[in-house]
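6 protein chains.
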Amino acid sequence: MSIEHKHVAEIFPYDGSQIDASWAFREFGIYGSSIITWVGPVNITPDNLKDFADVGLEIKSNYMINFICEFFDCQPANMRIAYLRQRLLVMIFREILFEKGVETKREGDDIFVDGRKLSISIATASLSSMKIHFALNLEDKGTPDDVDTIGLFDITDEDNNQIFDDGNLVDLVNETVDRFILELETIENDISKTNLL
Amino acid sequence: MSIEHKHVAEIFPYDGSQIDASWAFREFGIYGSSIITWVGPVNITPDNLKDFADVGLEIKSNYMINFICEFFDCQPANMRIAYLRQRLLVMIFREILFEKGVETKREGDDIFVDGRKLSISIATASLSSMKIHFALNLEDKGTPDDVDTIGLFDITDEDNNQIFDDGNLVDLVNETVDRFILELETIENDISKTNLL
Amino acid sequence: MSIEHKHVAEIFPYDGSQIDASWAFREFGIYGSSIITWVGPVNITPDNLKDFADVGLEIKSNYMINFICEFFDCQPANMRIAYLRQRLLVMIFREILFEKGVETKREGDDIFVDGRKLSISIATASLSSMKIHFALNLEDKGTPDDVDTIGLFDITDEDNNQIFDDGNLVDLVNETVDRFILELETIENDISKTNLL
Amino acid sequence: MSIEHKHVAEIFPYDGSQIDASWAFREFGIYGSSIITWVGPVNITPDNLKDFADVGLEIKSNYMINFICEFFDCQPANMRIAYLRQRLLVMIFREILFEKGVETKREGDDIFVDGRKLSISIATASLSSMKIHFALNLEDKGTPDDVDTIGLFDITDEDNNQIFDDGNLVDLVNETVDRFILELETIENDISKTNLL
Amino acid sequence: MSIEHKHVAEIFPYDGSQIDASWAFREFGIYGSSIITWVGPVNITPDNLKDFADVGLEIKSNYMINFICEFFDCQPANMRIAYLRQRLLVMIFREILFEKGVETKREGDDIFVDGRKLSISIATASLSSMKIHFALNLEDKGTPDDVDTIGLFDITDEDNNQIFDDGNLVDLVNETVDRFILELETIENDISKTNLL
Amino acid sequence: MSIEHKHVAEIFPYDGSQIDASWAFREFGIYGSSIITWVGPVNITPDNLKDFADVGLEIKSNYMINFICEFFDCQPANMRIAYLRQRLLVMIFREILFEKGVETKREGDDIFVDGRKLSISIATASLSSMKIHFALNLEDKGTPDDVDTIGLFDITDEDNNQIFDDGNLVDLVNETVDRFILELETIENDISKTNLL
Numbered sequence: 000m001s002i003e004h005k006h007v008a009e010i011f012p013y014d015g016s017q018i019d020a021s022w023a024f025r026e027f028g029i030y031g032s033s034i035i036t037w038v039g040p041v042n043i044t045p046d047n048l049k050d051f052a053d054v055g056l057e058i059k060s061n062y063m064i065n066f067i068c069e070f071f072d073c074q075p076a077n078m079r080i081a082y083l084r085q086r087l088l089v090m091i092f093r094e095i096l097f098e099k100g101v102e103t104k105r106e107g108d109d110i111f112v113d114g115r116k117l118s119i120s121i122a123t124a125s126l127s128s129m130k131i132h133f134a135l136n137l138e139d140k141g142t143p144d145d146v147d148t149i150g151l152f153d154i155t156d157e158d159n160n161q162i163f164d165d166g167n168l169v170d171l172v173n174e175t176v177d178r179f180i181l182e183l184e185t186i187e188n189d190i191s192k193t194n195l196l
Numbered sequence: 000m001s002i003e004h005k006h007v008a009e010i011f012p013y014d015g016s017q018i019d020a021s022w023a024f025r026e027f028g029i030y031g032s033s034i035i036t037w038v039g040p041v042n043i044t045p046d047n048l049k050d051f052a053d054v055g056l057e058i059k060s061n062y063m064i065n066f067i068c069e070f071f072d073c074q075p076a077n078m079r080i081a082y083l084r085q086r087l088l089v090m091i092f093r094e095i096l097f098e099k100g101v102e103t104k105r106e107g108d109d110i111f112v113d114g115r116k117l118s119i120s121i122a123t124a125s126l127s128s129m130k131i132h133f134a135l136n137l138e139d140k141g142t143p144d145d146v147d148t149i150g151l152f153d154i155t156d157e158d159n160n161q162i163f164d165d166g167n168l169v170d171l172v173n174e175t176v177d178r179f180i181l182e183l184e185t186i187e188n189d190i191s192k193t194n195l196l
Numbered sequence: 000m001s002i003e004h005k006h007v008a009e010i011f012p013y014d015g016s017q018i019d020a021s022w023a024f025r026e027f028g029i030y031g032s033s034i035i036t037w038v039g040p041v042n043i044t045p046d047n048l049k050d051f052a053d054v055g056l057e058i059k060s061n062y063m064i065n066f067i068c069e070f071f072d073c074q075p076a077n078m079r080i081a082y083l084r085q086r087l088l089v090m091i092f093r094e095i096l097f098e099k100g101v102e103t104k105r106e107g108d109d110i111f112v113d114g115r116k117l118s119i120s121i122a123t124a125s126l127s128s129m130k131i132h133f134a135l136n137l138e139d140k141g142t143p144d145d146v147d148t149i150g151l152f153d154i155t156d157e158d159n160n161q162i163f164d165d166g167n168l169v170d171l172v173n174e175t176v177d178r179f180i181l182e183l184e185t186i187e188n189d190i191s192k193t194n195l196l
Numbered sequence: 000m001s002i003e004h005k006h007v008a009e010i011f012p013y014d015g016s017q018i019d020a021s022w023a024f025r026e027f028g029i030y031g032s033s034i035i036t037w038v039g040p041v042n043i044t045p046d047n048l049k050d051f052a053d054v055g056l057e058i059k060s061n062y063m064i065n066f067i068c069e070f071f072d073c074q075p076a077n078m079r080i081a082y083l084r085q086r087l088l089v090m091i092f093r094e095i096l097f098e099k100g101v102e103t104k105r106e107g108d109d110i111f112v113d114g115r116k117l118s119i120s121i122a123t124a125s126l127s128s129m130k131i132h133f134a135l136n137l138e139d140k141g142t143p144d145d146v147d148t149i150g151l152f153d154i155t156d157e158d159n160n161q162i163f164d165d166g167n168l169v170d171l172v173n174e175t176v177d178r179f180i181l182e183l184e185t186i187e188n189d190i191s192k193t194n195l196l
Numbered sequence: 000m001s002i003e004h005k006h007v008a009e010i011f012p013y014d015g016s017q018i019d020a021s022w023a024f025r026e027f028g029i030y031g032s033s034i035i036t037w038v039g040p041v042n043i044t045p046d047n048l049k050d051f052a053d054v055g056l057e058i059k060s061n062y063m064i065n066f067i068c069e070f071f072d073c074q075p076a077n078m079r080i081a082y083l084r085q086r087l088l089v090m091i092f093r094e095i096l097f098e099k100g101v102e103t104k105r106e107g108d109d110i111f112v113d114g115r116k117l118s119i120s121i122a123t124a125s126l127s128s129m130k131i132h133f134a135l136n137l138e139d140k141g142t143p144d145d146v147d148t149i150g151l152f153d154i155t156d157e158d159n160n161q162i163f164d165d166g167n168l169v170d171l172v173n174e175t176v177d178r179f180i181l182e183l184e185t186i187e188n189d190i191s192k193t194n195l196l
Numbered sequence: 000m001s002i003e004h005k006h007v008a009e010i011f012p013y014d015g016s017q018i019d020a021s022w023a024f025r026e027f028g029i030y031g032s033s034i035i036t037w038v039g040p041v042n043i044t045p046d047n048l049k050d051f052a053d054v055g056l057e058i059k060s061n062y063m064i065n066f067i068c069e070f071f072d073c074q075p076a077n078m079r080i081a082y083l084r085q086r087l088l089v090m091i092f093r094e095i096l097f098e099k100g101v102e103t104k105r106e107g108d109d110i111f112v113d114g115r116k117l118s119i120s121i122a123t124a125s126l127s128s129m130k131i132h133f134a135l136n137l138e139d140k141g142t143p144d145d146v147d148t149i150g151l152f153d154i155t156d157e158d159n160n161q162i163f164d165d166g167n168l169v170d171l172v173n174e175t176v177d178r179f180i181l182e183l184e185t186i187e188n189d190i191s192k193t194n195l196l
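Protein chains in written order, with numbering that gives the first Met the number 0: chain A, 0 to 196; chain B, 0 to 196; chain C, 0 to 196; chain D, 0 to 196; chain E, 0 to 196; chain F, 0 to 196.
The following block holds chain A by itself, in its conformation from the complex:
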């Protein structure tokens, strides 16, 4: 499977419409499976909410790093695979954080640092593609009042130095996407060398 990663340098908001099918084709002319990443505020309009449990809630943050994945390799699309890949992405991100000395906790698709919520995520699908939105606060600003949140840039090491900043954010994004794509490719390779029952 081949997946194109495009990191968009300019800032633009995530309002939930970017999870629509074929957004990467319609916006950037990208064919096939893709991962688009960019920095921008998140404020999901009620019409674009994909998690029925969030109906009536605010899903917002002033400043997030966004990942939008779209997979066309499974025809028809399969929500189990969409959510399994979402978990894989979240867990790979945690593995990277851990290697950089950042301890986190995970509940399903949510990552917490010191009990504060770092990330949001949803998976969904149309008949022909599976989509994942995964986003991490960069700062604890503009998030809902009733949720205790933290940003990547708020995390410090034991010497109280900031670990992530504008200078290394794109490296973190690239490392995450590269490992995620590699993992998916490794799974495909594993399938092709497996003797069935």
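Hints are supplied without guarantee of correctness; some may be wrong.
Because identical chains cannot be distinguished in the list, a pair is counted as satisfied if it fits within a single copy or across any two copies.
To be verified - Below 27 Å or equal to it, Euclidean Cα-Cα: the simulated DSSO-like pairs (lysine-lysine) are:
id, residue 1, residue 2
1, Lys5, Lys99
2, Lys99, Lys49
3, Lys99, Lys192
4, Lys116, Lys49
5, Lys104, Lys140
6, Lys5, Lys192
7, Lys116, Lys59
8, Lys192, Lys59
9, Lys104, Lys192
Calculated directly from the structure, the hints in this document are not laboratory data.
We have chain A already, so just place chains B, C, D, E and F on it with the hints.
Just chains B, C, D, E and F now, kept in the frame of chain A:
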């Protein structure tokens, strides 16, 4: 989807075992979807017959160009897709022959030149991969007595000159495989730019 | 698989709504898989566009022969199968043209005669059915200004005689549909006589 | 979907090999989905047992009416559909018995008359086809000692007259198969007139 | 598979919106597969009609017992399974009626008593869930003028005593749901003890 | 989805036959999806090897904790899901090790401690079930000479105290299985509250 094409220069027989799952991995260490092509005699042992209609028949020829395709992109494998792709391969090969001035007829997956059988083909599958064998006689030798056959090297143009020979066979193979892979990729691209109902 | 073919004698326009799911049932009371053919102008309203690459373009022609296929045999529907069957239909149509002495070129699902575009096509799907629209200009009229088009009725043989006309168009339609349905049935038959891996 | 029903007049035993894939093609040259019915003794050899719960048990009867169904319409085959269709067949048979005044009980795929076991059944599948074996004792002979069985020919009405006999057995078979095929077709028709969510 | 049954004691109308995906989660916070049952009038608004054959017809009744099933176990959802399970539910309900001495006839998913229509039903699906609506008139009131209907409470035994009433309706609902769930579980169990081909 | 966990107290070897379909039913009478865990030596006979990359290699260890998972919830089985769930299991095990202060590295489905291989794993499938074998060395004994391995009981904390031993191994197994099952259930729940595209 990415498909690796490997043309094997040395001659070896097709006995039907090459259609087994993961043959390309076990024989050449190739991961994922692949198309292996080579020249060699065909003599399918009864145990390896995949077409129940051929049980008790001889499927053989002294000298054929063989295509073995294995696709891992559809999980689980789907026999409709296996046979649709087989038809696509056969029809693309006919398109190429036609562009080179060779008129043929087609019945399902069989190609005929002047009423003589040029090709054999079968598709089959395991749970995780779809396989296609497509082979064309190079000469009308060693084929079953009760079938009127023709080889690619037997075909002549209007000036009675041989069209295909050892010198351009690999080009023909490469052109066929390239167009087949391109067609499959174009289909994947078409899916990714289609609005669903 | 059984597929009902209905050729509608009266002229009516294709505006893109005919590709909606269950149109053949809602319009003609036809159950199951079907192919509806008719002559009429094409002018797809923006809301009905299924190809995101065509957004903002005009898809129109004064006079076309239309094929609308709907397949319910695959549950759930599969976009790979939808596009593979579309290619099969387009390639079978080319085979027939060739047998009638008409040389064409093909790029994906587009057919060209002398470098001029003869046809348009799209495939799409809902969860329960796969749809194909395939249409051929009859005359080079009312097509977009920026596309060099040709109609079936514009094609002449080497003696400059028109090959297709109102008198034999329905025969051409029937032959195309019959062969397409036969090919799909042959594939189903091939599946039922194949030994799996 | 089209399903061919063939009732074989001659008697031959069911040893479990008839449930193998493509048996109807290999034995009778039948393409596609089929239902083969015949009268014969049942004695399943251990190698042919498909129900792991029956390992070590005898599955036998001197004289049964056998139904072997093979469905190729679902690609890939689906064991849920195989067992749902098996239940449909068993329940339709019960409906017919009831209309003829015969009260039965059902536990899963087993039918009982007066607490005595009338039928055996199993469903299984390969990647490309789903198979159902359904068989009813005609007489209570040759069945396992530890199971209390009854045959169709043992069933009497309130006046103690035998309801089923050699004279009307084929009618019963035909009625069962006709209704089963009609039900499956009706389901396909229902799909084609359903608006999705 | 685990399926939660919730019988809602209060009366509320079925207007067709309850067949939408995830209604049980949005209304009652129920995760996963569920069966919701309740008594209420039925009057399906045209927008909510799922049966294209009913377009322009009235689907209504003053007083019905409603079953809404949603299954998330099949990913992606499959309309064949949706309708097979619908038939299973309808046939199990008939089995229960028969055990209580009530003779009925069945045509597809419709149940008739003395030639009068007792029930309505539809199945539909989104990509991730399959839904069934099954409802039975309690009284022959408020049903369309051109359909001869009957209610469960209108059915009497041979002594002219009413069989079903408000006092035992919930028992009937529970028995139906329990057997239906048990049957689906038994099918899953059967799959897990079946040797494949 | 419901998954039964059974920890077998007695020691028995893993020879590769336990990965066969329906082993839990045939061995323990367990219906449906299951996870069987036990301690025992591993020595996979060549016939039972499922990883074609391991052909000719020894896969063995004197003393391992074994997990055999079988999932029947996906019909037909899907190798992508099999391997995604395998990765989930491996990553959840790493999360638990990390919480207990044990740093590891992961490459695909392999876990390493201090560059020494701790685990082996494979996923495979038949048409109706997906199987995962995941096993961890308890001691570095009886493993292949050319692989540097480590056992769970060889791991020590910073004070050089052994972290895992016979006293807490079952707790570790239970915690791993409980979290894995919970994660799979959470994914199912997430599906049922997701709005599709």
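Right, here's what the structure says about each hint:
Taking identical chains as interchangeable, the C-alpha atoms of Lys5 and Lys99 lie at most 27 Å apart only when both belong to the same chain, with a minimum of 24 Å there against 38 Å between chains. For the homomeric pair Lys99 and Lys49, neither the shortest alpha-carbon distance inside one copy (32 Å) nor that between copies (36 Å) is at most 27 Å. In this assembly of identical chains, Lys99 and Lys192 lie within 27 Å of each other by CA distance neither inside one copy nor across copies; the values are 33 Å within and 34 Å between. With identical chains, the CA atoms of Lys116 and Lys49 are at most 27 Å apart within one copy only, with a shortest distance of 19 Å there and 40 Å across copies.
When the C-alpha separation of Lys104 and Lys140 is checked against a cutoff of 27 Å, the pair qualifies only within one copy, where the shortest distance is 21 Å, while the shortest distance between copies is 34 Å. For the homomeric pair Lys5 and Lys192, the shortest alpha-carbon distance between copies (18 Å) is at most 27 Å, but the shortest distance inside one copy (30 Å) is not. When the C-alpha separation of Lys116 and Lys59 is checked against a cutoff of 27 Å, the pair qualifies only within one copy, where the shortest distance is 12 Å, while the shortest distance between copies is 43 Å. For a Cα distance limit of 27 Å, the shortest separation of Lys192 from Lys59 across copies, 20 Å, qualifies, whereas the shortest one inside one copy, 44 Å, does not.
Taking the shortest alpha-carbon separations for Lys104 and Lys192, only the inter-copy value of 23 Å comes in at or below 27 Å, while the best intra-copy value is 34 Å.
Checked against the numbered hints given earlier, this structure breaks hints 2, 3; the rest are met.
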